[in-house]
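Number of protein chains: 2
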Amino acid sequence: MIQDPNVKKVDLKLYMASRRELIDKALETYIPKESAYPYVIHQAMRYSVFAGGKRLRPILTLAAAEAVGGDPASVLFAGCAVELIHTYSLIHDDLPAMDNDDFRRNKPTSHKVFGENMAILAGDALLTLAFEVLSRPENLKTFKADILLSVIREISLAAGTLGMIGGQVMDILSEGRKEINANTLEYIHTHKTGKLLLASLRAGALLAGATEEQLKAITDYGTYIGLCFQIVDDILDVEGTTEEIGKDAGSDAAREKATYPALYGLDRSKGLARELAKKAIQALSGFGESAQPLREIGEFIVSRTY
Amino acid sequence: MIQDPNVKKVDLKLYMASRRELIDKALETYIPKESAYPYVIHQAMRYSVFAGGKRLRPILTLAAAEAVGGDPASVLFAGCAVELIHTYSLIHDDLPAMDNDDFRRNKPTSHKVFGENMAILAGDALLTLAFEVLSRPENLKTFKADILLSVIREISLAAGTLGMIGGQVMDILSEGRKEINANTLEYIHTHKTGKLLLASLRAGALLAGATEEQLKAITDYGTYIGLCFQIVDDILDVEGTTEEIGKDAGSDAAREKATYPALYGLDRSKGLARELAKKAIQALSGFGESAQPLREIGEFIVSRTY
Chain A
1 MIQDPNVKKV
11 DLKLYMASRR
21 ELIDKALETY
31 IPKESAYPYV
41 IHQAMRYSVF
51 AGGKRLRPIL
61 TLAAAEAVGG
71 DPASVLFAGC
81 AVELIHTYSL
91 IHDDLPAMDN
101 DDFRRNKPTS
111 HKVFGENMAI
121 LAGDALLTLA
131 FEVLSRPENL
141 KTFKADILLS
151 VIREISLAAG
161 TLGMIGGQVM
171 DILSEGRKEI
181 NANTLEYIHT
191 HKTGKLLLAS
201 LRAGALLAGA
211 TEEQLKAITD
221 YGTYIGLCFQ
231 IVDDILDVEG
241 TTEEIGKDAG
251 SDAAREKATY
261 PALYGLDRSK
271 GLARELAKKA
281 IQALSGFGES
291 AQPLREIGEF
301 IVSRTY
Chain B
1 MIQDPNVKKV
11 DLKLYMASRR
21 ELIDKALETY
31 IPKESAYPYV
41 IHQAMRYSVF
51 AGGKRLRPIL
61 TLAAAEAVGG
71 DPASVLFAGC
81 AVELIHTYSL
91 IHDDLPAMDN
101 DDFRRNKPTS
111 HKVFGENMAI
121 LAGDALLTLA
131 FEVLSRPENL
141 KTFKADILLS
151 VIREISLAAG
161 TLGMIGGQVM
171 DILSEGRKEI
181 NANTLEYIHT
191 HKTGKLLLAS
201 LRAGALLAGA
211 TEEQLKAITD
221 YGTYIGLCFQ
231 IVDDILDVEG
241 TTEEIGKDAG
251 SDAAREKATY
261 PALYGLDRSK
271 GLARELAKKA
281 IQALSGFGES
291 AQPLREIGEF
301 IVSRTY
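Protein chains in written order, with the working numbering: chain A, 1 to 306; chain B, 1 to 306.
Keep in mind the hints are simulated off the structure, nothing from the lab.
A couple of the hints might just be wrong.
Put simply, identical chains are the same to the list, so a pair is met inside one copy or across any two.
Under the rule of at most 25 Å between Cα atoms (straight-line distance), these lysine to aspartate or glutamate pairs were calculated in the DMTMM-like manner [said to hold, decoys possible]:
# : residue 1 : residue 2
1 : K112      : D101
2 : K33       : E186
3 : K216      : D146
4 : K141      : E186
5 : K9        : E212
6 : K144      : E34
7 : K141      : D233
8 : K141      : E212
Predicted model only: the values in this text are computed from it and were never measured.
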C-alpha cells in the first residue's frame, strides 16, 4: 500500500464498526416500524436491511464527505438511501426467477421467509423508500434543493438500466455461456456493483461541497474500487468458505457465471484486484489526512475475506 | 352530472386522445431506445409502457395543472413519471408469484414474453426511471428545485408501503378469505389505486403553483375519484367482457378477491361509484372552466366500460 508517512493510520476495524452503528441507527428511523400497517411488508423490509450487511456503501458516502471536509453525519440520509437500494437489489437477485438463492449472509433469503410475492414487494418498497428518504423536507435544513435533486439523479441513474440493472441484465444473459467476452465481463462488473458504489461516493462528495477537482479524484477512486470489489467477490466465491461469505461458495462456477477467475484464472485476477486498489489509492494523492479512511477502505476491499 | 350551465362542454374523447398523443411522445423520449444497450431490458420496458394504456394518470396530472391555471405541457414529465410507476406495478402484479396473469390489455404479459427475470427487472427499471425523470436538470428551467423535491416526495410516498404497495400487500393477504372486512376493503382500494391517482393530480397542481385552497379541492376530487375508479374496476371485472377490459373477466371472483361487488353486491357498488363521482365533481365547485376536463374525466371514470 502506498502511504504518506505523515498520515496517521486509522484503526479501520474500529472506524467501520462505529460508522456501522451510526448507519444502523439512521436506517432504524427511516424504515417504518414492524408495528406499522401493513405489518408484514415492514417486517420483510427490516429482515433484509438488518441482516448484517457490511454497510460498505454508506460508509463510503460518509468517508467521501469527510475527505472533502464535510460533516459525515450530515450525509447519512444519502448513504442510507443507497443501502436501501443495495438491499432491494439483493432481495430481487435472490428470487427463484433470478439466482434462486436460499441463503444470504447465513440467513434464509427473503422469499424463503416471506414468500416470493412479499419478497418482490419488499424489494419494490425499499427502492421506493430510498427516494422518499432522499426527498425529505428535513434535508433542506442542511442542503440546497438543487444539490439534493442532483444527488437523486445521480443515484437513480446508477441504479437504473445504464447502471446496476444493466449489469444485472447482462449477468443473467451471460450465465451458462462457455465463452465469456472480456468486454462483457467488465461491463457486468463495472455496472452491477460499480455504478452504485461510485454513486455512494459521489453523493457524499457532492453534498459536502466537493470542488470539481475533488469530485474527479473521488470518481476515479470509486471507479477503480468498484471493479476491484467485484473481482474480489468473484475470488471469494472460489476461495472463501460458505460460512465466511454467508452464501454458497462455488455457486458462480456451478452456474457458469461470468467471473474474473473463470476468464483470467485466480492469480491474474488477484493481481488485477491489487492493481486496481493501488490505482484507487493513488487517485487520492491530492488529499491529506481527511481521505485516510477512504485509502484504508481501499486496502480493506482488496484484502477482505468476506 | 352536476354542471354549471355557463361552462362549455369538452369533447372528452378528442381531449383525451390529444393528451394521450402528447404523453406518448414524451414517454418515447424518456425511455431509452430499444437500440440502447442492454437491448432486452429497454425492449421489455417499452413493450409494457406502449401496450395501449389509457394514460389516465398523466392526463390527470395535466388536467390538474390546467385547472389551477398552469401550462399542461410543462408538467408532462411528472405525469409520465407516474405512468412509469403505474406500469411497473402492473408488470409486477402480473408475475406468477403475484396474480399470475397471462394477458393484460389483450397482450401477453411481460413475463410471458421476456421471462420472469426480465419482467422483474423491467418493473424495477421503470420505477427507477420515474425518479430519474423527476430529477432531470432540465426541469429546473421551469420549476424551483424545492417544488420538484416535494413532488418527488409526494410520488414516492404514494407509491410506497403507506400507499400503493401497502394496498397491494393487503390485497394479497385478503385473497381467498371468505369474510372480507369493509375497512380492509376500503384500505385496499384507496391505497392500491387511489394514492397514486391522487399523487398524479397533486403533482400537477403543486407544479402549477396551486393555492392551499385549490390543492385541497384537487385532493378531495382525487380521493373520491380514486376510490370510484377502483370500484368501477371491480364492477367491470364482473360485467365487462374479456375483450373490453383486456384481461380475464371474472378473475376477481375466481380468486376470491376482496371487491366491492363481492361485499355489497353490484347495485350498491354502482350506487357508491356514482355517489363518489358526484362528490368528486362537487369538490371542484370553486373552479371555473379550467376544471371542466377534470369534471368530465370524473364522469368518464364512473361510466367507462374499459
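Outcome of the hint check:
In the homo-oligomer, the alpha carbons of K112 and D101 lie at most 25 Å apart both inside one protomer (9 Å) and across protomers (23 Å), since each shortest distance falls under that limit. In the homo-oligomer, the alpha carbons of K33 and E186 lie at most 25 Å apart only across protomers (23 Å), although the nearest pairing inside one protomer, at 40 Å, exceeds that limit. Taking the closest pair of Cα atoms, K216 and D146 come within 25 Å of each other only inside a single copy of the chain (20 Å); across copies the shortest separation is 27 Å, beyond that limit. In this assembly of identical chains, K141 and E186 lie within 25 Å of each other by CA distance neither inside one copy nor across copies; the values are 40 Å within and 37 Å between.
In this assembly of identical chains, the alpha carbons of K9 and E212 never lie at most 25 Å apart, being 27 Å within a copy and 56 Å across copies at closest. In this assembly of identical chains, K144 and E34 lie within 25 Å of each other by CA distance neither inside one copy nor across copies; the values are 33 Å within and 36 Å between. Proximity of K141 to D233 under the C-alpha cut-off of 25 Å is found in neither arrangement, the shortest distances being 39 Å within a copy and 43 Å between copies. For a Cα distance limit of 25 Å, the shortest separation of K141 from E212 qualifies both inside one copy, at 24 Å, and across copies, at 23 Å.
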